[in-house]
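The chain contents come next:
Protein chains: 2
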Amino acid sequence: MLFWQKDAGSQNDVTLGVSIGGTQTVFGYVDRKGRLLANAAIPTIPHQAADLFFERLHQGAKTLLESFHEKCKIVGVGVNAPNANYHTGMIESPPNLSWEYVDVLAEIGKYYHVPVATTNEANAIALGEMLFGAAQGMKNFIVITLGTGLGSGIVANGELICGADGNAGEIGHTTVDVNGRECGCGRRGCLETYVSATGICRTVHDLICNSNDLSDLRNIRYENLTFKMIYDAAQRGDRLALQAFDETGKILGMKLADSVAHLSPEAVIFFGGLVTAGDLLFNPAKQSMEEHLFGPFKNKVKLLPSGLEELHASILGASALIWNDLKTHTGISFRKVYQ
Amino acid sequence: MLFWQKDAGSQNDVTLGVSIGGTQTVFGYVDRKGRLLANAAIPTIPHQAADLFFERLHQGAKTLLESFHEKCKIVGVGVNAPNANYHTGMIESPPNLSWEYVDVLAEIGKYYHVPVATTNEANAIALGEMLFGAAQGMKNFIVITLGTGLGSGIVANGELICGADGNAGEIGHTTVDVNGRECGCGRRGCLETYVSATGICRTVHDLICNSNDLSDLRNIRYENLTFKMIYDAAQRGDRLALQAFDETGKILGMKLADSVAHLSPEAVIFFGGLVTAGDLLFNPAKQSMEEHLFGPFKNKVKLLPSGLEELHASILGASALIWNDLKTHTGISFRKVYQ
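Protein chains in written order, with the numbering used here: chain L, 1 to 339; chain E, 1 to 339.
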């Protein structure tokens with residue numbers, strides 16, 4: 001078991017932030033100002049049993065801590081993982097991992113006698129933005145993560161919204177078109193089938209058959225097409241690529257107007273690979289959002305890029321789970337640990 | 001000024017709940033268990049200045065209090081009104097009233113030295129359901145009010161969600177079809193143009209021209225058609241009326257699936273005139289919602305009728321604004337009054 005160093009002052013308080021991915025798990029120590037003091041990674045090994053994974057994680061984190069010149073006190077462990085549920089503290093049938101139900105609080109509790117909390121990556125990023133990033137000082141905002149899929153985390157009244165079952169914030173699975181594209185979730189027309197790296201690739205192929213624009217992208221097979229190729233083509237002025245960004249932004253803006261009608265956020269903050277597209281994506285998104293917004297919300301909602309360094313954002317987000325709960329003392333997962 | 005009676009015990013604590021409508025204002029005294037002890041009404045008089053209105057309201061409320069056999073202590077005044085903003089305590093350009101901006105907290109504060117809070121009717125009903133109605137014990141739910149239009153109030157983490165500008169919870173102005181029906185708000189295809197008393201009348205006329213079903217409703221002019229006529233026709237087995245309910249329910253269910261994806265509520269609670277339709281509306285709504293729900297939310301979300309007596313629900317909701325804040329001590333409007 002790893003306890004905190006007895007003589008450490010509160011200025012040396014750190015949280016251990018852990019981000020479990022399908023192939024790699026990254027972790028690091030983060031202070032209350034959001035400074036990442038040290039970080040490392042281990043392979044996740046999808047087919048290894050969860051208890052062995054958490055043992056390896058502890059060994060890695062312990063080794064990392066020992067490399068510090070100063071002594072630090074670990075005040076909590078935050079974990080983000082696919083399908084992690086903030087309310088229950090469980091990872092529930094994560095995709096790409098052999099684990100079925102893993103009690104994260106219990107697994108971490110074997111090694112650390114400190115508060116533990118867990119949630120999915122988009123929710124963790126939302127708390128990271130609130131404490132250390134673009135949402136500092138905001139009490140109502142939405143984070144949209146734009147990568148292979150579209151994830152989201154909602155903060156209202158200064159609190160993460162997890163809903164009755166812990167799964168709130170699935171804006172990627174709101175419906176653009178009930179007869180639209182097949183989604184990995186089994187439904188049709190989900191927002192993430194249009195607005196995501198995969199979504200814009202699908203849109204390019206839709207444009208290839210439906211428009212007559214000349215384009216370098218016509219020479220690339222569907223399986224080989226990447227967001228980067230579309231972005232590079234757009235930078236060269238490729239009309240088909242530009243139109244793909246325009247259509248993606250329009251759909252994003254239209255659905256954001258629905259999200260705003262629910263939640264009236266101060267800002268929508270974008271995180272992830274697609275954010276590099278910048279104005280190509282967010283100009284049409286902003287225009288379309290304003291066009292579709294209900295009157296009282298017009299010209300109020302900011303669209304902002306993430307304020308977190310992308311490489312370490314998931315560790316910062318995981319750590320923010322703890323720093324936020326230590327600040328507010330309202331964390332459900334905490335009460336569970338303290339019982 | 002009306003102060004509370006000095007010798008009243010806490011068991012005689014009451015709130016004054018006020019519901020301002022376009023033509024009539026109802027008010028009453030409600031105890032902490034949600035019992036309406038007495039109620040009355042005054043005409044709103046849309047073209048009268050707001051300060052004169054609030055003077056008349058105070059006179060009416062004072063007379064009502066004097067009719068009590070027991071002495072009661074007024075512990076707060078809750079007001080629901082069109083376009084009332086919980087954050088600012090202001091009524092902002094209410095439709096059908098000549099008032100532009102009215103500071104409800106200041107107007108009520110002229111007569112009562114107790115906490116005052118204000119919000120719109122759907123939000124007040126949501127708090128009423130949480131304290132006294134169908135949402136007792138719930139921390140995450142949505143209230144949908146189905147009358148001439150479609151209003152909504154959202155509770156998450158046990159708190160009313162008003163958003164950054166105080167206007168959150170406008171689900172009636174999420175989009176069903178960007179090229180759809182013109183809405184009074186200036187946009188097209190808003191949910192309330194399909195799902196509301198007005199919406200189902202429009203749907204009947206859409207079916208009159210697009211289907212060949214025989215129907216008594218074909219003999220009624222658009223301006224004369226009412227929800228009650230459609231309901232009565234459906235009760236008689238009129239196929240066109242039944243289809244109108246079916247289509248209305250399907251659209252409601254489809255959009256509820258989007259709301260659930262945002263908020264993961266334990267239940268959606270329906271209030272207002274259309275709730276009398278019962279299974280005619282809510283069976284297709286439930287089926288359509290389940291069909292469109294993202295997997296993790298399926299078979300979890302209850303659709304429930306209001307647990308408040310409709311006649312007095314808006315007074316109970318206005319009172320709940322105060323009882324809820326006295327319970328949680330987090331009301332923003334309160335801090336303003338206490339300054």
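Any given hint could turn out to be false.
If several chains are the same, the list does not tell them apart, and a pair holds so long as it fits within one copy or across any two.
Derived SDA-like pairs (lysine to any residue); straight-line CA-CA distance at most 25 Å [stated by the list, open to error]: (1) 300 x 82; (2) 139 x 242; (3) 71 x 278; (4) 327 x 100; (5) 139 x 49; (6) 33 x 250; (7) 33 x 159; (8) 298 x 103; (9) 298 x 185; (10) 300 x 176; (11) 286 x 304; (12) 298 x 187; (13) 298 x 220; (14) 300 x 95; (15) 71 x 21; (16) 250 x 184; (17) 139 x 209; (18) 298 x 87; (19) 300 x 188; (20) 250 x 188.
Calculated directly from the structure, the hints in this document are not laboratory data. Treat the numbers as computed from the prediction; the structure is a model and nothing was measured.
For each hint, the structure was consulted:
1. Proximity of residue 300 and residue 82 under a CA criterion of 25 Å is satisfied inter-copy only: 21 Å between copies versus 33 Å inside one chain copy.
2. In this assembly of identical chains, residue 139 and residue 242 lie within 25 Å of each other by CA distance neither inside one copy nor across copies; the values are 35 Å within and 45 Å between.
3. For a Cα distance limit of 25 Å, the shortest separation of residue 71 from residue 278 qualifies neither inside one copy, at 41 Å, nor across copies, at 65 Å.
4. For the homomeric pair residue 327 and residue 100, neither the shortest alpha-carbon distance inside one copy (32 Å) nor that between copies (40 Å) is at most 25 Å.
5. For the identical chains of this complex, residue 139 and residue 49 are neighbours neither inside a copy (39 Å) nor across copies (35 Å), given an alpha-carbon limit of 25 Å.
6. When the C-alpha separation of residue 33 and residue 250 is checked against a cutoff of 25 Å, the pair qualifies neither within a copy, at 37 Å, nor between copies, at 49 Å.
7. In the homo-oligomer, the alpha carbons of residue 33 and residue 159 lie at most 25 Å apart inside one protomer (19 Å), although the nearest pairing across protomers, at 28 Å, exceeds that limit.
8. Only between protomers do residue 298 and residue 103 lie at most 25 Å apart by alpha-carbon distance; the minimum there is 23 Å, versus 44 Å within a single protomer.
9. Taking CA atoms no more than 25 Å apart as the test, residue 298 paired with residue 185 passes between copies only; the shortest distance there is 12 Å, against 33 Å inside one copy.
10. Within a single copy, residue 300 and residue 176 get their C-alpha atoms as close as 24 Å, and across copies as close as 23 Å, so both meet the 25 Å cut-off.
11. In this assembly of identical chains, the alpha carbons of residue 286 and residue 304 lie at most 25 Å apart only when taken from the same copy (10 Å versus 37 Å across copies).
12. In this assembly of identical chains, residue 298 and residue 187 lie within 25 Å of each other by CA distance solely across copies; the values are 12 Å between and 31 Å within a copy.
13. Proximity of residue 298 and residue 220 under a CA criterion of 25 Å is satisfied in neither setting, with 40 Å inside one chain copy and 39 Å between copies.
14. Taking the shortest alpha-carbon separations for residue 300 and residue 95, only the inter-copy value of 22 Å comes in at or below 25 Å, while the best intra-copy value is 37 Å.
15. With identical chains, the CA atoms of residue 71 and residue 21 are never at most 25 Å apart, being 29 Å at best within one copy and 64 Å at best between copies.
16. Proximity of residue 250 and residue 184 under a CA criterion of 25 Å is satisfied in both settings, with 22 Å inside one chain copy and 24 Å between copies.
17. Taking identical chains as interchangeable, the C-alpha atoms of residue 139 and residue 209 are never at most 25 Å apart, the minima being 45 Å within one chain and 49 Å between chains.
18. In the homo-oligomer, the alpha carbons of residue 298 and residue 87 lie at most 25 Å apart only across protomers (18 Å), although the nearest pairing inside one protomer, at 34 Å, exceeds that limit.
19. Taking the shortest alpha-carbon separations for residue 300 and residue 188, only the inter-copy value of 21 Å comes in at or below 25 Å, while the best intra-copy value is 32 Å.
20. When the C-alpha separation of residue 250 and residue 188 is checked against a cutoff of 25 Å, the pair qualifies both within a copy, at 19 Å, and between copies, at 16 Å.
Consistency note: the structure conflicts with the earlier hints numbered 2, 3, 4, 5, 6, 13, 15, 17.
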